[in-house]
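K.L.:
Single-letter residue listing:
Protein chains: 2
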Amino acid sequence: MEKVGIGLLGYGTVGSGVGRLLQANAEAIRLATGKQVELRRVLEKNPDRAALVPQGVAVTADFDDVVSDPEIHIVVELIGGIEPARTFQLAALKAGKAVVTANKQLLSQHGAELLQAAQDAHTFLRFEASAVGAVPVIKVLRESLAAAEVTSIMGIVNGTTNYILSAMADTGAEYAPTLKKAQELGFAEADPSEDVGGKDAAAKMAILASIAFHSRVRLGDVEYQGIESITDADVAHGKSLGLVPKLLGVAKLLDGRMNVRVYPCFIPNEHPLAGVSGAYNAVFLESDSFDKLMLFGPGAGGTPTASAVIGDVISIVNTAPGGFIRNCGCYKDLGFYPDAEVVSRFYLRLHVADEPGVLAKVAGLFGEEGVSMRSMLQTGQEEAAELVLVLHPVKEAAFLRALERIAALSVVRATPSFIRVEGDYAG
Amino acid sequence: MEKVGIGLLGYGTVGSGVGRLLQANAEAIRLATGKQVELRRVLEKNPDRAALVPQGVAVTADFDDVVSDPEIHIVVELIGGIEPARTFQLAALKAGKAVVTANKQLLSQHGAELLQAAQDAHTFLRFEASAVGAVPVIKVLRESLAAAEVTSIMGIVNGTTNYILSAMADTGAEYAPTLKKAQELGFAEADPSEDVGGKDAAAKMAILASIAFHSRVRLGDVEYQGIESITDADVAHGKSLGLVPKLLGVAKLLDGRMNVRVYPCFIPNEHPLAGVSGAYNAVFLESDSFDKLMLFGPGAGGTPTASAVIGDVISIVNTAPGGFIRNCGCYKDLGFYPDAEVVSRFYLRLHVADEPGVLAKVAGLFGEEGVSMRSMLQTGQEEAAELVLVLHPVKEAAFLRALERIAALSVVRATPSFIRVEGDYAG
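Line by line, the protein sequences give chains W and E. In the numbering used here, each residue's number is its place in the first sequence (first place is 1) plus 145. In the numbering used here, each residue's number is its place in the second sequence (first place is 1) plus 145.
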């Protein structure tokens with residue numbers, strides 16, 4: 146039986162998961178490919194990790210040992226970060242080896258260069274595990290939906306923020322103590338800034354939007370905003386309106402251009418994404434061809450991510466030689482749709498003076514900018530008086546113009562807090 | 146550019162959808178495959194349908210015109226039913242053509258024969274659209290999760306029953322008028338028996354279980370039960386317990402054997418499947434490798450199903466020649482796990498005499514069979530007195546033995562109604 150050799154760069158949580166799955170599921174992989182896929186070499190400098198590599202597999206601290214091994218056909222890069230991962234991937238591709246990676250930082254910043262290198266060498270670059278862990282959304286987008294024009298992607302693509310927002314909605318607690326608890330439970334890193342600030346989600350959305358829209362989207366093209374400013378008051382008001390808070394990656398195709406952003410928003414209880422709670426991830430896709438599709442699953446974790454890596458390995462073994470990789474030459478160049486022109490629904494909370502005529506002033510300014518209100522709730526009194534508004538869909542520029550004028554009103558006591566509402570809100 | 150010719154059998158709703166998508170998305174398909182995929186011939190005897198075939202595509206009433214055309218590489222069978230679809234597929238495969246089909250009846254009854262024919266001819270048989278419409282669950286199972294041992298599949302795989310049960314839960318209406326309304330709205334067929342009786346779901350589960358467990362499951366191996374006996378009273382009681390009714394296909398791997406069934410059941414509100422309402426479908430998978438994954442989308446409809454067919458076509462064009470098809474020789478033969486041994490949770494509603502000691506009698510009989518109760522609710526009085534019980538997980542045989550004895554009690558007024566509870570019920 147034909148053998149396919151694997152070289153694995155990095156034997157940390159995901160790497161050792163790949164090593165374990167390759168051994169434990171050797172028979173299943175043989176059934177799935179008709180070939181014997183075997184781990185030949187591992188690049189790992191850390192002796193504690195190196196000690197975990199199965200017997201019979203060579204361990205090295207020198208990348209050249211991997212790239213120069215003619216019996217290694219696929220290099221799996223699980224080191225993470227930009228360098229030396231980038232140099233290693235480029236060298237492996239140049240040597241004609243296929244590359245599988247989970248490296249979202251690298252893909253979202255240097256994806257074009259790497260895909261070009263794969264194309265030039267007539268080989269493969271696969272990166273399912275870089276987006277939504279075990280959820281095979283890249284494969285589905287690239288293969289099952291290749292002929293469908295995807296018009297919208299909404300993704301819960303960061304488990305840490307989803308865990309925190311779910312917990313805030315369940316318990317009514319504030320952001321800071323909820324983050325602390327998430328850290329204690331291992332659902333948030335000691336330095337959670339890339340997660341809670343939205344950058345992790347932005348990198349994943351850059352990758353997903355590139356694949357879905359067949360156009361280049363880099364991390365730098367994705368504007369992102371985190372969940373740090375979501376308050377328990379907003380979460381509670383949302384609940385009373387039938388809305389749950391989520392950090393969403395939203396990528397839309399509007400008039401043939403792309404708008405890709407990450408922001409906290411409210412979605413209706415009835416929306417399929419609303420039920421995706423805790424550390425789970427999900428991607429919700431829309432298209433005229435297939436209506437709506439959602440994929441849900443664990444977005445992180447050693448074994449689920451390793452499972453996605455194995456899926457890519459199998460996919461490479463089963464793909465036609467010279468088979469298609471959606472690559473440099475085949476990309477469209479769609480350009481970006483300006484945020485200001487995007488039509489959105491908004492939730493808005495205003496801390497106001499408890500006096501007559503406040504609502505009239507706010508409504509008046511909104512009216513002048515063509516913004517109309519869908520619902521209004523006035524709560525508290527005196528110093529705690531608040532106006533909670535949900536607006537009809539409106540161009541963001543008009544909303545922000547009106548908001549600036551409203552914030553300047555003397556009856557408005559603090560910086561207004563607003564949250565977009567995604568999904569079809571009928572409440 | 147290399148051309149790939151398509152022969153299409155049947156130009157009804159799905160067939161014309163395929164014709165339309167092949168034309169409308171020609172550029173996207175070229176990007177996805179590097180080849181020019183074109184519709185060459187359509188087999189369609191109905192003149193009204195034949196008139197819809199695009200100009201330049203030959204229409205014929207003779208299958209031989211299709212199978213003998215050397216420039217047709219892929220035959221798409223959308224006639225449905227067993228014959229002549231079976232004969233056509235076998236002839237196409239024997240002629241070395243790849244076959245794509247949406248025919249769940251044929252696949253779930255003659256899948257082994259067809260897959261063997263594909264293997265013998267070193268060609269492909271693909272049938273994504275036969276299971277869950279646009280939801281690419283077969284591809285995900287066969288490729289992304291090929292190395293993961295799937296241990297459980299729970300599927301909402303019939304849109305008609307999901308629409309009816311969702312509507313009953315929303316409105317509190319009874320089954321019969323809800324079915325009638327579903328028929329008026331086009332969500333149920335004039336003869337809905339295969340849908341509401343569970344046979345349609347059983348055929349789809351046979352296909353999904355075969356792929357997931359790498360073992361043969363035929364329609365005849367799947368015991369199925371429909372939703373006709375679900376009452377508004379059960380739905381209402383379920384609601385008060387935090388449970389929603391669903392017709393589920395449930396396939397489990399238990400001690401290395403398979404148990405594949407279709408039955409109405411309750412699932413907790415918090416379960417991801419609970420939010421799948423209306424005519425949507427979803428498949429929920431569990432495995433040690435990836436924890437939980439769910440795929441959600443439209444289970445039927447001309448364009449979504451056509452989109453799945455196109456996905457299969459692209460997949461064939463992109464798969465290595467002689468590339469792997471999970472086929473005859475590669476199947477395990479797992480055998481079936483007896484229903485009686487399966488451990489399930491049960492909801493049970495008893496119409497009882499309104500007199501003291503009824504609960505004690507019921508509890509006593511359950512106790513003798515080792516069945517313990519988790520919660521109890523007594524409602525109504527006199528002729529309408531009811532006991533609603535939720536039991537702790539129990540072997541089905543023990544439950545059914547106890548139930549038989551309880552049904553025979555003089556204080557039990559009517560045939561007891563029971564419903565399984567799936568998903569982790571903590572309520």
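Wrong hints could be hidden among the right ones.
Put simply, identical chains are the same to the list, so a pair is met inside one copy or across any two.
[Claimed, not checked] Quick list of in silico lysine to any residue cross-link-like pairs, SDA-like style, CA-CA up to 20 Å:
#: 1; residue 1: Lys190; residue 2: Gln370
#: 2; residue 1: Lys437; residue 2: Ser311
#: 3; residue 1: Lys344; residue 2: Asp207
#: 4; residue 1: Lys239; residue 2: Glu373
#: 5; residue 1: Lys437; residue 2: Ala419
#: 6; residue 1: Lys190; residue 2: Ser517
#: 7; residue 1: Lys397; residue 2: Arg490
#: 8; residue 1: Lys384; residue 2: Val539
#: 9; residue 1: Lys239; residue 2: Val204
#: 10; residue 1: Lys239; residue 2: Gly509
#: 11; residue 1: Lys384; residue 2: Pro199
#: 12; residue 1: Lys326; residue 2: Ala206
#: 13; residue 1: Lys190; residue 2: Leu386
#: 14; residue 1: Lys384; residue 2: Gly502
#: 15; residue 1: Lys506; residue 2: Glu527
#: 16; residue 1: Lys326; residue 2: Lys437
By construction, these hints were calculated from the structure, which means they are not laboratory data.
K.L.:
For every hint, state whether the structure bears it out.
P.N.:
We went through each hint and held it up to the structure:
no.	hint	in the structure
1	Lys190 x Gln370	neither (37 Å within a copy, 58 Å between copies)
2	Lys437 x Ser311	between (24 Å within a copy, 18 Å between copies)
3	Lys344 x Asp207	neither (32 Å within a copy, 59 Å between copies)
4	Lys239 x Glu373	neither (43 Å within a copy, 62 Å between copies)
5	Lys437 x Ala419	both (15 Å within a copy, 17 Å between copies)
6	Lys190 x Ser517	neither (61 Å within a copy, 56 Å between copies)
7	Lys397 x Arg490	within (15 Å within a copy, 43 Å between copies)
8	Lys384 x Val539	neither (23 Å within a copy, 37 Å between copies)
9	Lys239 x Val204	neither (22 Å within a copy, 48 Å between copies)
10	Lys239 x Gly509	neither (63 Å within a copy, 74 Å between copies)
11	Lys384 x Pro199	neither (51 Å within a copy, 52 Å between copies)
12	Lys326 x Ala206	neither (38 Å within a copy, 69 Å between copies)
13	Lys190 x Leu386	neither (54 Å within a copy, 55 Å between copies)
14	Lys384 x Gly502	neither (27 Å within a copy, 44 Å between copies)
15	Lys506 x Glu527	within (18 Å within a copy, 61 Å between copies)
16	Lys326 x Lys437	neither (35 Å within a copy, 24 Å between copies)
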